[in-house]
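Working from the sequences, and respecting the hints, build out all of it.
Top line first, the protein sequences correspond to chains X and W. Going by numbering that gives the first Met the number 0, 564 is the number at position 565 of the first sequence; the sequence numbering is gapless. Going by numbering that gives the first Met the number 0, 419 is the number at position 420 of the second sequence; the sequence numbering is gapless.
Incorrect hints may appear among the rest.
Any copy will do: because identical chains look the same in the list, a pair fits if it lies in one copy or spans two.
[As the list claims (entries may be wrong)] Once the Cα atoms are required to be at most 25 Å apart in a straight line, the calculated BS3-like pairs of lysine-lysine come out as: (1) K574 <-> K222; (2) K232 <-> K69; (3) K359 <-> K603; (4) K356 <-> K603; (5) K222 <-> K578.
For the record, the hints were derived by calculation from the structure and aren't laboratory data.
Protein chains: 2
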Amino acid sequence: MESIRGVLVDVFHDLPSNSVELTKVPHMATTAGDERTVQYMLKRWQDPDTGLDRAWREEYLVYLSFPDPKTPNKVTVGELGPQGISGGYREKEKEYGPDQKDPDVVQPYAAYAPAGHPKGKLVYANQGKPSDYLHLNQTLDLNGTIAITRYGGEGRAQKAINAAPYGVIGVLVYTDPRDINDGRMSDTNETYPHSWYMPPSGVERGSFNTQYGDLLTPYLAAKDDTYRISMAKITGIPPIPTQPIGFEDAYALICELGGRPAPSEWQGAFNCTYNLGGPGFKPTSTFKESQVQLDIYNRGEIKNSSNVMGVIRGSVEPDRYVIYGNHRDSWVHGAVDPSSGTSVMLEVTRVLGRMVKEGKWRPRRSVIFGSWGAEEFGLIGSAEYTEEYYSKLSERSVAYINVDISVFGKRQKSGNISVFVLLQVKTPGSESTSVYDNWIRYFNRTSPTYGVIPNVGFLTGAGSDYAAFIHFLGITSMDISYTYDRTKTSARIYPAYHTAYDTFDYSSKFIDPGFTSHQTVARTAGNVLMRLADSLLLPFNCSDYAESLEAYLAKALELYTEGLAVHNISIEPLKSAVKTFRSAAASLDQMIRDSDLANETPLKVRGINDQLMLLDRAFLDPTAFPDQYGFRHVIWASSKASEPTFPGLADAYERAALSGLDEDWEEAHRQLSLLSQAILGAAHTLEEVI
Amino acid sequence: MESIRGVLVDVFHDLPSNSVELTKVPHMATTAGDERTVQYMLKRWQDPDTGLDRAWREEYLVYLSFPDPKTPNKVTVGELGPQGISGGYREKEKEYGPDQKDPDVVQPYAAYAPAGHPKGKLVYANQGKPSDYLHLNQTLDLNGTIAITRYGGEGRAQKAINAAPYGVIGVLVYTDPRDINDGRMSDTNETYPHSWYMPPSGVERGSFNTQYGDLLTPYLAAKDDTYRISMAKITGIPPIPTQPIGFEDAYALICELGGRPAPSEWQGAFNCTYNLGGPGFKPTSTFKESQVQLDIYNRGEIKNSSNVMGVIRGSVEPDRYVIYGNHRDSWVHGAVDPSSGTSVMLEVTRVLGRMVKEGKWRPRRSVIFGSWGAEEFGLIGSAEYTEEYYSKLSERSVAYINVDISVFGKRQKSGNISVFVLLQVKTPGSESTSVYDNWIRYFNRTSPTYGVIPNVGFLTGAGSDYAAFIHFLGITSMDISYTYDRTKTSARIYPAYHTAYDTFDYSSKFIDPGFTSHQTVARTAGNVLMRLADSLLLPFNCSDYAESLEAYLAKALELYTEGLAVHNISIEPLKSAVKTFRSAAASLDQMIRDSDLANETPLKVRGINDQLMLLDRAFLDPTAFPDQYGFRHVIWASSKASEPTFPGLADAYERAALSGLDEDWEEAHRQLSLLSQAILGAAHTLEEVI
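So this is what it looks like as structure tokens:
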């Protein structure tokens with residue numbers, strides 16, 4: 000075992016060539032480029048020398064949204080037409096190399112935003128948060144206006160969803176240099192290809208929806224004859240036309256806006272004052288009284304999307320699955336997103352596959368690899384997979400490992416993995432610093448049990464394909480990546496994210512020259528995978544879970560005890576449930592410590608592993624958030640609460656505190672009860688089995 | 000093993016004394032009599048010589064409904080007062096012995112029917128079905144009327160729920176001699192104490208609700224601080240006052256009714272023509288223009304109800320549970336319902352407990368015994384238990400065995416158990432006829448696989464405590480009882496059901512003199528339990544499941560293919576799913592046959608057993624019937640369909656066919672898709688594991 004892990008540390012050398020191969024052409028979901036990557040994955044996983052035991056494709060008919068290549072979306076100002084915006088509104092990003100010239104580069108667009116031709120005076124709505132529109136609405140009539148917003152602070156679709164109730168008829172969204180280029184105005188000398196910064200014409204594409212999975216088939220795998228809701232019933236997408244634009248175009252619009260100056264925290268990096276809009280432009284602007292018109296031709300299409308699946312059969316417990324996945328589809332060339340992760344996955348499978356084919360190794364448990372399709376449109380491939388195989392995966396999955404963007408930049412490590420692995424893996428560019436040392440230096444927290452340790456975030460969102468595994472199936476999940484030092488840059492994310500500049504050239508020059516960080520992630524993820532697949536006892540610590548629950552509880556007690564008491568709701572059951580959980584976890588830990596597991600009966604060890612494996616499952620409650628597709632985990636579900644605590648209670652409490660309505664306080668009470676019951680129920684699974 | 004089973008066959012001799020003890024006083028849920036049975040169960044299960052490893056009580060605060068002992072419910076006619084009905088409306092059943100004299104005999108009432116004092120002209124509404132009110136409404140204005148209905152044909156609560164939309168303001172319900180006493184007029188010479196027939200003053204009590212579990216805490220175990228919905232939000236209970244009465248009182252009312260004669264199939268066993276009511280009485284009746292008044296004083300109370308739990312710890316797989324349960328609460332003395340079952344459970348635990356205490360036997364798997372509280376009010380104790388321990392029970396339960404009323408009468412056997420056991424158990428009163436032979440003689444079916452075999456019904460309803468186990472948790476369940484020959488009597492159920500005559504005297508004279516049938520059930524249930532707890536391989540046959548699915552499919556194809564096709568819904572995915580299931584089941588069976596399990600690794604056997612144990616779990620879908628509490632099993636859920644087929648599809652199809660609405664056809668399509676997906680998902684759990 001240890002020697003095999005030693006092997007893993009040395010052999011990841013194919014990462015650059017994987018990346019070159021994966022990023023040759025744009026491979027947006029269901030395009031010819033996507034099919035090319037399907038074939039490539041299959042070839043690799045079916046390789047007789049380095050492939051897996053078995054690999055195949057699985058297809059789903061899913062609802063996607065595309066611009067019309069023959070009639071591109073347009074943004075125009077008044078009668079000036081496309082030339083209205085400084086230098087002309089760009090339908091495509093500026094070409095700096097052959098990659099941007101590829102005819103298959105998709106025009107920047109807001110997937111799932113409706114087609115339409117709204118025309119109205121422009122206002123600047125900051126990040127498109129509810130509070131932003133509320134502020135605008137105090138002095139402006141937003142009816143019939145177009146809102147320009149910057150990325151960040153609010154979900155993509157939400158910027159339009161928040162706008163529509165005020166009568167806003169169209170939304171523009173751009174990335175302010177403040178948020179991506181460390182505040183520089185970022186002219187072409189300072190940005191890619193001269194640095195990692197976003198060029199002025201760069202546009203972040205994206206899926207504008209708030210639910211994940213195929214939007215027409217919630218809870219059902221999208222097959223030929225599957226029931227589909229009508230498109231009119233889709234919720235969580237922009238109700239009004241929306242278009243993302245580059246910041247050079249945004250600059251030309253925002254700096255001409257009239258009206259009062261926006262609040263200071265709304266100001267971005269442009270060398271002008273961001274005004275709210277009159278609505279519309281300054282009287283002194285060349286745009287004068289012009290209105291802004293969006294011509295959006297997006298259309299929905301049901302398309303065939305593939306997952307590529309591969310397995311290594313376990314030798315001792317083939318019916319226990321460790322799942323490792325990443326998506327395959329990109330918006331354009333996707334060198335970082337997702338190919339940095341796919342390269343890592345291919346290296347992990349190559350190295351493990353060779354050991355299997357040579358008869359040198361076979362894991363105790365089975366390993367399933369998933370190369371998901373159509374993630375960019377809303378985690379669709381992974382969500383459909385979990386719907387189709389719900390029972391089997393629920394019953395047997397030990398953990399899900401997600402490595403999407405494996406390297407965001409040139410510095411430290413984050414994720415959700417056992418500390419033991421990290422001590423063995425060296426940090427890139429240093430033979431002496433382990434990932435553990437580097438991690439604890441850059442991102443740590445103080446644990447009541449362990450003192451200062453590497454910090455691990457919680458997977459509370461739906462940012463990548465782990466969502467269906469943790470939130471819908473309740474499978475213990477982790478998301479691993481190597482990221483940059485946030486004290487050195489304030490970039491929201493690597494600046495080429497979802498643009499036509501996320502290419503091999505960009506990645507190999509500015510994200511990870513020499514692919515050493517890729518290698519570190521491959522070593523880390525490979526080690527985590529092997530440990531999960533091979534350990535006699537699953538490497539999960541239920542007392543750490545208790546620590547997280549106690550941290551959530553402390554916050555909940557601080558924030559809610561008094562307010563709940565006013566409405567005769569006692570928070571005691573929650574306190575008591577967490578206490579019971581802690582005590583059950585401690586007993587199980589003690590029992591494990593007291594056991595000589597290597598000499599125990601196989602069924603005794605299996606029993607303990609089942610307790611550990613199924614712990615996250617015990618937090619699922621399908622009645623908790625019936626309106627939120629795929630969110631059933633009462634501890635890690637998404638929440639609007641600003642502070643980390645139990646999501647359902649937090650959201651219900653805040654809603655009730657705001658509305659004061661009896662029915663909202665009742666919902667807060669219901670959330671408290673179901674949460675306490677889930678925690679107690681989970682505790683019961685850790686207690687002595689009979 | 001076999002010798003231990005031999006022991007089981009001979010030793011059940013304490014059945015009469017158990018029954019005497021359990022039926023000494025009325026033990027309605029949460030009364031002093033109930034507490035007495037709690038103490039008795041605890042004493043028995045904690046007995047040092049014949050008890051279990053451990054026994055304890057678990058309490059829930061549940062919403063019950065009682066009449067007011069100080070102000071009994073009344074039914075009066077016009078100004079004539081209580082004397083209005085022949086001989087006076089009886090507040091209590093006639094006393095034939097000391098049992099009926101017990102002051103703790105609860106007045107007959109309709110639990111959960113609201114208090115109120117409606118007064119109106121009487122109509123006869125047959126069984127209170129929707130079609131019955133529809134028929135009445137064609138010639139009568141039902142506004143402001145009181146409807147008298149007979150038991151049968153429709154759920155208790157539903158008779159009032161169906162009535163209210165027509166303006167009916169109160170409902171009476173009685174048991175017609177046609178339905179319980181084989182059509183005899185049943186005067187006092189012919190009925191109990193002279194026979195098993197219901198005396199003229201006998202009244203069937205009951206819970207008048209359509210959902211099971213505590214009505215104030217759906218999906219939440221009813222603890223001290225648990226969130227409770229407001230009483231106004233309870234659904235599925237009578238919206239109008241309702242009262243059950245004896246057939247002597249019903250006779251006095253119905254035979255005086257005016258108006259047109261009721262249809263022939265509405266006519267009961269009274270020696271008069273059943274008229275519909277004018278509304279009201281015949282002009283020639285002494286009642287004349289009188290109205291009928293109900294004075295109902297029922298009130299809801301939150302009461303502390305106990306389950307008594309006991310366990311025998313498994314030796315090899317303590318984390319696998321075989322659960323055996325019955326309720327403990329009765330309406331009055333409950334000799335048959337539930338004490339015939341509780342007597343059997345106590346004998347099973349005494350015999351197994353002694354073997355455990357003497358060190359002669361310990362099961363491979365753990366056995367959990369549950370003596371449920373408040374079943375009569377809606378399966379409350381068992382439902383709360385499954386809510387509280389949802390995760391633990393879902394993960395580990397092999398099967399649930401329910402023995403409620405163990406003996407309904409003097410003839411054959413029905414249930415849901417392995418054929419192998421039955422060959423060993425002799426039928427009562429015969430040393431040569433096995434239960435198997437007797438069963439196949441009286442209740443058989445032709446299986447495509449096996450030819451003529453004993454028939455086993457499906458647990459599609461919520462008639463006893465198996466409901467939460469099969470419908471909510473998806474645990475394979477069985478309900479065992481010995482019942483009478485339905486060719487010899489047309490009684491809906493044994494005639495003392497839920498009356499003050501369901502006493503030891505009745506049971507030992509008319510249901511099972513000598514308790515030989517009780518013994519047969521104890522032997523059968525004990526054998527089933529031991530086989531489930533001890534077999535290396537779980538005694539489940541997944542190909543038999545395929546046979547049931549194929550029978551349902553054949554019916555669905557016959558009834559729905561054409562109608563669905565008209566609405567462009569293909570039934571092919573369902574056909575294909577059942578086919579895949581059959582093939583996966585056949586492969587697993589073959590694999591089992593090809594294995595020498597006794598010499599296989601323990602983990603291999605555990606893996607197969609997990610596949611078998613979790614098969615029913617794969618049919619759960621919490622999105623299938625979101626409005627029906629606790630029904631998540633897409634194969635065995637209740638259905639209004641007249642023919643046995645997939646419940647969700649059947650109900651949705653019938654609704655759509657009736658309404659013709661697009662949204663109803665969409666729901667039919669959704670049901671078809673989720674059903675197909677569940678069957679396919681279940682098939683995937685039977686396939687080779689990787």
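Cross-check of the supplied hints:
In this homomeric assembly, K574 and K222 come within 25 Å of each other (Cα to Cα) only across copies, at 15 Å, whereas the closest approach inside a single copy is 45 Å. In this homomeric assembly, K232 and K69 never come within 25 Å of each other (Cα to Cα): the closest approach is 28 Å inside a single copy and 56 Å across copies. Taking CA atoms no more than 25 Å apart as the test, K359 paired with K603 passes between copies only; the shortest distance there is 23 Å, against 28 Å inside one copy. Taking identical chains as interchangeable, the C-alpha atoms of K356 and K603 lie at most 25 Å apart only when they sit on different chains, with a minimum of 24 Å there against 32 Å within one chain.
Only between protomers do K222 and K578 lie at most 25 Å apart by alpha-carbon distance; the minimum there is 17 Å, versus 45 Å within a single protomer.
In summary, the structure is inconsistent with hint 2 from the numbered list given earlier, while agreeing with all the others.
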